[in-house]
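Engineer: Just so you know, the protein sequences line up as chains V and H, in that order. Throughout the first sequence, residue numbering follows this note's numbering, covering 287 to 587 in sequence. Throughout the second sequence, residue numbering follows this note's numbering, covering 4 to 318 in sequence.
Hints in this document: simulated from the structure, not taken from any laboratory. Note that beta-carbon positions come from the ideal geometry of N, C-alpha and C, so glycine has one too. Don't take each hint at face value.
Short, incomplete list of chain V residues facing chain H, as computed with Cβ under 7 Å [unchecked claim]: (1) 330; (2) 331; (3) 452; (4) 520; (5) 580.
In silico EDC-like pairs for lysine to aspartate or glutamate, Cα to Cα no more than 20 Å straight-line [what the hints assert, rightly or not]: (6) V/355 x H/211; (7) H/117 x H/61; (8) H/117 x H/208; (9) V/355 x H/61; (10) V/381 x V/482; (11) V/444 x V/533; (12) H/117 x H/211; (13) V/444 x H/61; (14) V/355 x V/550.
The chain contents come next:
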Amino acid sequence: MTTLAAPQRTEEAAGPSHRASRPRGGRAGGHQHGGRLAYAILIVAALVSAFPFYWTIVAATRSNAELAKTPPTLLPGGNLMHNFQQVLEQADIGKALLNSLIVSGAVTVGTVLFSTLAGFAFAKLQFKGRNALLALTIGTMMIPPQLGVIPLFMVVAKLHWVNQLQAVILPGLVSAFGVFFMRQYLVQTLPDELIEAGRVDGASTRRIFWSIVVPIARPGMAVLGMLTFMASWNDFFWPIIALSSQEPTVQVALRQLGGGYVHDQSVIMAGTLLGTLPVLLVFGLLGRHIVGGIMHGAVKG
Amino acid sequence: MTLTAAAPPRTARPPALLRRRLAKLSPYTYIAPFFALFAAFGLFPLLYTAYVSLYRVELQTPGQMQWRGLGNYSALFGDDYFWTALRNTFTIGVLSTVPQLMMALGLAHLLNYKLRGRTVFRVTMLLPYATSVAAATLVFAQLFGRDFGLINYLLGLVGVQPVDWQSGTLASQIAVSTIVVWRWTGYNALIYLAGMQSIPAELYEAAELDGASRWRQFLHVTLPGLRPTILFTVVVSTIGATQLFGEPLLFEGSISGGISHQYQTLGLYMYEQGWGFFHLGRAAATAWVMFVLIVLLVLVNTALARRRTRKETAR
Numbered sequence: 287m288t289t290l291a292a293p294q295r296t297e298e299a300a301g302p303s304h305r306a307s308r309p310r311g312g313r314a315g316g317h318q319h320g321g322r323l324a325y326a327i328l329i330v331a332a333l334v335s336a337f338p339f340y341w342t343i344v345a346a347t348r349s350n351a352e353l354a355k356t357p358p359t360l361l362p363g364g365n366l367m368h369n370f371q372q373v374l375e376q377a378d379i380g381k382a383l384l385n386s387l388i389v390s391g392a393v394t395v396g397t398v399l400f401s402t403l404a405g406f407a408f409a410k411l412q413f414k415g416r417n418a419l420l421a422l423t424i425g426t427m428m429i430p431p432q433l434g435v436i437p438l439f440m441v442v443a444k445l446h447w448v449n450q451l452q453a454v455i456l457p458g459l460v461s462a463f464g465v466f467f468m469r470q471y472l473v474q475t476l477p478d479e480l481i482e483a484g485r486v487d488g489a490s491t492r493r494i495f496w497s498i499v500v501p502i503a504r505p506g507m508a509v510l511g512m513l514t515f516m517a518s519w520n521d522f523f524w525p526i527i528a529l530s531s532q533e534p535t536v537q538v539a540l541r542q543l544g545g546g547y548v549h550d551q552s553v554i555m556a557g558t559l560l561g562t563l564p565v566l567l568v569f570g571l572l573g574r575h576i577v578g579g580i581m582h583g584a585v586k587g
Numbered sequence: 004m005t006l007t008a009a010a011p012p013r014t015a016r017p018p019a020l021l022r023r024r025l026a027k028l029s030p031y032t033y034i035a036p037f038f039a040l041f042a043a044f045g046l047f048p049l050l051y052t053a054y055v056s057l058y059r060v061e062l063q064t065p066g067q068m069q070w071r072g073l074g075n076y077s078a079l080f081g082d083d084y085f086w087t088a089l090r091n092t093f094t095i096g097v098l099s100t101v102p103q104l105m106m107a108l109g110l111a112h113l114l115n116y117k118l119r120g121r122t123v124f125r126v127t128m129l130l131p132y133a134t135s136v137a138a139a140t141l142v143f144a145q146l147f148g149r150d151f152g153l154i155n156y157l158l159g160l161v162g163v164q165p166v167d168w169q170s171g172t173l174a175s176q177i178a179v180s181t182i183v184v185w186r187w188t189g190y191n192a193l194i195y196l197a198g199m200q201s202i203p204a205e206l207y208e209a210a211e212l213d214g215a216s217r218w219r220q221f222l223h224v225t226l227p228g229l230r231p232t233i234l235f236t237v238v239v240s241t242i243g244a245t246q247l248f249g250e251p252l253l254f255e256g257s258i259s260g261g262i263s264h265q266y267q268t269l270g271l272y273m274y275e276q277g278w279g280f281f282h283l284g285r286a287a288a289t290a291w292v293m294f295v296l297i298v299l300l301v302l303v304n305t306a307l308a309r310r311r312t313r314k315e316t317a318r
């Protein structure tokens, strides 16, 4: 139903999902066939990209003693369950997975919602100070939030939020990139005529937002959601400051595993495997769309 | 919300009727959630960092602040380890950014050919981007192990003596950089690929008619067309390199970046000041130095890019 509503621009609207397999402008750029050498280099690059994952599986299914053998073992073994058990005992990875799911879920929902609201306003509404505020948003996109952790920590300490999940959820909701991404998306996909038609029918802005803007923005929101979820799941610096082993996210637990207290390499790798699996699962199912989202965002960046 | 009535007439596309109607809406409620959070958790901490850097603040008592003037900065500049961290940040930055972007450019060029299974290639190359710093570093720390690491084993097969990837300065910095290169090369390749696809095909056809080889096409069509994209990736990678933290922290799990600080970066130094030595004020001073450094580097990057563009258009 959304495709009917957005004639001509449907290709853009569906962009992130189909772009990956069909470059814009038909065959712009990709006009030559790849030679054997091209395939050889790409295959090597793909193997290098994938090997550490394979190695994680191998190491997680072996024992520490087996890992110390020469020549090294390159096939998975049968020690996985034992290693998993060790991880659960030593780093409470079960709680960490649950916490990460809560944090990343909340951050994703909040970021996508707030970015779509603000992106819609910046793309289609007229108001005083719009350009200045947009410039401020874009300008701060480049400033690493890491540089603000000290005051952030002081605030969180004052609120007695240290070791509580809201300490990582609330700052995680700030995404200048998200606002910019949704603005670009809506500028391209949402025709002014549609909003006008909604107004003529007497719909309030809120109505227009939920029944016209959101359906059209949905593919963009999905891509932003995936990118946000991955970034939040993998966020490292702030969680290790704001949280501890009492209330860990996966990354905090991994830090604890790698912090030198656990010497069993196979146990460390089993923890790494557990912590990476959820993201890999998302990536395996939606990898194509994530590729499309990154390339889509890049052209605008 | 009544502010909107004062919206100035703009030369934007919406027709008059729509514009008048939209002016009645309350756009500020749509941006309010973002800006409220942004002010509290984005802008305020950044600005307040400069303020905190002028005080003595202890980690255990973050509510008590004692004026120190520029004392934190003079302590910083008098600390040899600060300069070591600055130097390390620079060398690791070069060791990770340069090969990463060059390889990404090459891979993007190959990915831009007509390929079988190109989605598989793209997705696989983006896999490292999906892993966390922590996971990637733990795996690589093991691969770089001195005694049982796979990398030393492979080097041994071609007759190279085992390298001590942890304690050697250059060796450890190469190892840490490798993790960065592995994680970000595919991502940058996709960014370049997107840039390449927006170069009009006619330019290549014209170059082909002129008898330009593939290499010359790459030099004279692809590279100039990619210039804004390249600048973007250089800036982003530079910023990332300046605040590098997780890789050196987890490589051995030490907050001093190795036994003689041989791969401690500024990001890690800041963490050590604040959460190792409990000096939040000094950590804030470090953060502020990093901020200034980033601004300077970005300015240098853009200035260089602008000069090159001007030179070439003058030619």
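Engineer: Each hint needs a verdict: does it hold in this structure or not?
Structural biologist: So, going through the hints one by one against the coordinates:
{"no.": "1", "hint": "330", "result": "10 Å, violated"}
{"no.": "2", "hint": "331", "result": "6 Å, holds"}
{"no.": "3", "hint": "452", "result": "11 Å, violated"}
{"no.": "4", "hint": "520", "result": "4 Å, holds"}
{"no.": "5", "hint": "580", "result": "5 Å, holds"}
{"no.": "6", "hint": "V/355 x H/211", "result": "55 Å, violated"}
{"no.": "7", "hint": "H/117 x H/61", "result": "59 Å, violated"}
{"no.": "8", "hint": "H/117 x H/208", "result": "16 Å, holds"}
{"no.": "9", "hint": "V/355 x H/61", "result": "47 Å, violated"}
{"no.": "10", "hint": "V/381 x V/482", "result": "49 Å, violated"}
{"no.": "11", "hint": "V/444 x V/533", "result": "18 Å, holds"}
{"no.": "12", "hint": "H/117 x H/211", "result": "17 Å, holds"}
{"no.": "13", "hint": "V/444 x H/61", "result": "13 Å, holds"}
{"no.": "14", "hint": "V/355 x V/550", "result": "14 Å, holds"}
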